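Top to bottom, those sequences are chains A and B.
FYI, the numbering for the first sequence is 223 to 438, going by the working numbering.
FYI, the numbering for the second sequence is 223 to 438, going by the working numbering.
Since the hints were made in silico from the structure, they are not lab data.
Keep in mind the model is a prediction, meaning the values are calculated, not measured.
Mixed in with the good hints, there may be bad ones.
When chains are identical, the list treats them as one kind, so a pair holds in a single copy or across two.
Stated by the list, open to error - For lysine-lysine, the following DSS-like pairs were computed, each having C-alpha atoms within a straight-line distance of at most 30 Å: (1) K425 x K376; (2) K397 x K386; (3) K397 x K376; (4) K355 x K397; (5) K397 x K425.
Number of protein chains: 2
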Amino acid sequence: MAGPARALLAALLAPVLVALLVAPAWGRGGKGHGDWDTGALLPPLPPREDAARVARFVTHVCDWGALATISTQEAVLGQPFADVLSLSDGPPGAGSGVPYFYLSPLQQSVGNLQANPGATLTMSLAQTDFCRKHGFDPQSPLCAHIILAGTVTKVNETEGDFAKQSLFTRHPEMKTWPSSHNWFVAKLNITNIWLLDYFGGPKIVTPEEYYNVTFQ
Amino acid sequence: MAGPARALLAALLAPVLVALLVAPAWGRGGKGHGDWDTGALLPPLPPREDAARVARFVTHVCDWGALATISTQEAVLGQPFADVLSLSDGPPGAGSGVPYFYLSPLQQSVGNLQANPGATLTMSLAQTDFCRKHGFDPQSPLCAHIILAGTVTKVNETEGDFAKQSLFTRHPEMKTWPSSHNWFVAKLNITNIWLLDYFGGPKIVTPEEYYNVTFQ
Numbered sequence: 223m224a225g226p227a228r229a230l231l232a233a234l235l236a237p238v239l240v241a242l243l244v245a246p247a248w249g250r251g252g253k254g255h256g257d258w259d260t261g262a263l264l265p266p267l268p269p270r271e272d273a274a275r276v277a278r279f280v281t282h283v284c285d286w287g288a289l290a291t292i293s294t295q296e297a298v299l300g301q302p303f304a305d306v307l308s309l310s311d312g313p314p315g316a317g318s319g320v321p322y323f324y325l326s327p328l329q330q331s332v333g334n335l336q337a338n339p340g341a342t343l344t345m346s347l348a349q350t351d352f353c354r355k356h357g358f359d360p361q362s363p364l365c366a367h368i369i370l371a372g373t374v375t376k377v378n379e380t381e382g383d384f385a386k387q388s389l390f391t392r393h394p395e396m397k398t399w400p401s402s403h404n405w406f407v408a409k410l411n412i413t414n415i416w417l418l419d420y421f422g423g424p425k426i427v428t429p430e431e432y433y434n435v436t437f438q
Numbered sequence: 223m224a225g226p227a228r229a230l231l232a233a234l235l236a237p238v239l240v241a242l243l244v245a246p247a248w249g250r251g252g253k254g255h256g257d258w259d260t261g262a263l264l265p266p267l268p269p270r271e272d273a274a275r276v277a278r279f280v281t282h283v284c285d286w287g288a289l290a291t292i293s294t295q296e297a298v299l300g301q302p303f304a305d306v307l308s309l310s311d312g313p314p315g316a317g318s319g320v321p322y323f324y325l326s327p328l329q330q331s332v333g334n335l336q337a338n339p340g341a342t343l344t345m346s347l348a349q350t351d352f353c354r355k356h357g358f359d360p361q362s363p364l365c366a367h368i369i370l371a372g373t374v375t376k377v378n379e380t381e382g383d384f385a386k387q388s389l390f391t392r393h394p395e396m397k398t399w400p401s402s403h404n405w406f407v408a409k410l411n412i413t414n415i416w417l418l419d420y421f422g423g424p425k426i427v428t429p430e431e432y433y434n435v436t437f438q
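Put together the whole structure using the sequences plus the hints.
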C-alpha cells in the first residue's frame with residue numbers, strides 16, 4: 223500500500239480504535255452507574271486462597287454496598303440499621319481499597335454515624351454478573367462477599383481530591399446532586415475484615431494484609 | 223379442521239405452550255440463583271406514588287439482601303454488623319411480603335440474632351437490572367430501595383412449608399447445602415418500613431399497608 227493510502231487508512235481507523243479502547247471505561251462510568259456493566263468487562267477473580275487479594279477485588283468491583291449503623295431514630299432507637307450507599311475505592315483499575323462515600327446529613331445513616339461512627343459495610347459479587355454467571359447462590363461462599371467493620375469519618379482535604387475523583391468517575395450522576403443536601407466525602411476506616419469466598423467459614427484478613435495488596 | 227386433527231394439533235402444541243409458560247420461572251430459579259435473570263423478565267415497577275406496592279415489589283424481586291445485626295464477636299462487640307443473606311418472600315409472582323431466610327447457627331449473623339433478634343434488612347433494585355438499565359445511581363432514590371426493621375425469628379411448622387418452598391424455588395442450591403450446618407427457616411417480623419423511591423426523603427409504610435397490597 224502506498225504511503226498516502228496507508229495514512230488515509232490509519233486516519234479512518236483511528237477513531238474506531240480509540241472507540242474500542244475507550245468503550246470499557248465508558249460502559250462503566252457512563253451509561254450505567256459506574257458498575258462493571260457486563261460480565262465481559264469484569265476482571266478475573268484472584269485465586270481464592272489469596273484472601274487479601276480477593277477482598278480487595280470485591281471492594282474494587284462493587285460500586286455500592288450496604289452499611290450497618292446503630293439507629294438514632296426514636297422508632298428503632300439503638301437497633302441495628304442498614305442502608306444502601308454508593309461508594310468507590312478508586313477509578314477503574316486503580317482501587318485504593320478505601321471505600322469512599324458521598325454523604326448528606328439528610329441521610330438516616332449519617333444521623334446515626336454522627337452519634338456513633340461505628341459501622342460495618344458488606345459487599346458481594348452478587349452485585350456483579352459473577353455469581354449468576356457461575357450459578358453461585360448469593361449466600362454461597364463461592365459468591366464471594368466481604369464484611370468490613372470500622373468507623374466512618376469525613377475525609378480531609380488532602381485525601382479529598384482522590385476520593386472525589388474516585389466517586390465521580392464511577393458515579394457521574396453525583397456531580398449533579400443538589401448542593402442543598404450538603405454532600406461531603408467520607409470513608410470507612412477499616413479495623414476488621416471478614417472474607418467469605420470458600421467453604422470452611424469466614425477468613426480473617428488484617429487491614430495491613432488488605433492494604434499491602436498491589437495487584438492493581 | 224376435523225376433530226381428530228384438532229386434537230392431534232393440540233397434543234403437538236401442548237409441550238410448546240407449557241415450555242413457554244414455564245420458561246420465565248426456569249430462568250429465575252434454574253440457571254442462576256433465582257434472580258429475575260434478565261431485564262426482560264422483571265415485571266414493571268408499580269407507580270412510585272403507591273409506596274406500599276413499590277416496597278412489596280422490591281421485596282419480591284430481590285432474592286438476597288443485607289441484614290444488619292448487633293455483633294456479639296469480641297473484636298467488634300456491640301457494633302453494628304452486616305452480612306449478605308439469600309431470601310425469598312414467595313415463588314415468582316406469588317410473593318407474601320415476608321422475607322424468609324435459610325440460616326445456620328454457624329453464621330455470624332445468627333450468633334448475633336441469638337443474643338439480640340433486632341435486625342434491619344435492606345434491599346435495592348440495584349440488585350436487578352432495573353437501575354443500570356435506566357441509568358439510576360444506586361444511591362439515587364430513583365433506584366428504589368427499602369429498609370425493613372424488625373426481629374428475625376424461627377418459622378413455625380405451619381408456615382415452614384410455604385417458607386421452605388419459597389426459598390427452594392428461588393434458591394435451588396439450598397436443597398444441597400450440608401445438613402451438618404443445621405439449616406433452619408427464619409423470617410423477618412417487620413415492624414418498620416422505609417422506602418426510598420423518589421426525591422423528598424424516605425417514605426414510611428406501615429406493615430399493615432405493606433401486607434394489604436394484593437397486586438400479585
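We went through each hint and held it up to the structure:
1. K425 x K376: This pair counts as both: shortest intra-copy Cα distance 29 Å, inter-copy 27 Å.
2. K397 x K386: within (10 Å within a copy, 45 Å between copies)
3. K397 x K376: Answer is within: at 18 Å inside a copy they meet the 30 Å cutoff, but 45 Å across does not.
4. K355 x K397: For K355 and K397, only the inter-copy Cα distance (20 Å) is at most 30 Å; the intra-copy one is 33 Å.
5. K397 x K425: between (37 Å within a copy, 25 Å between copies)
Figure legend: structure checked against the earlier numbered hints; every hint is met.
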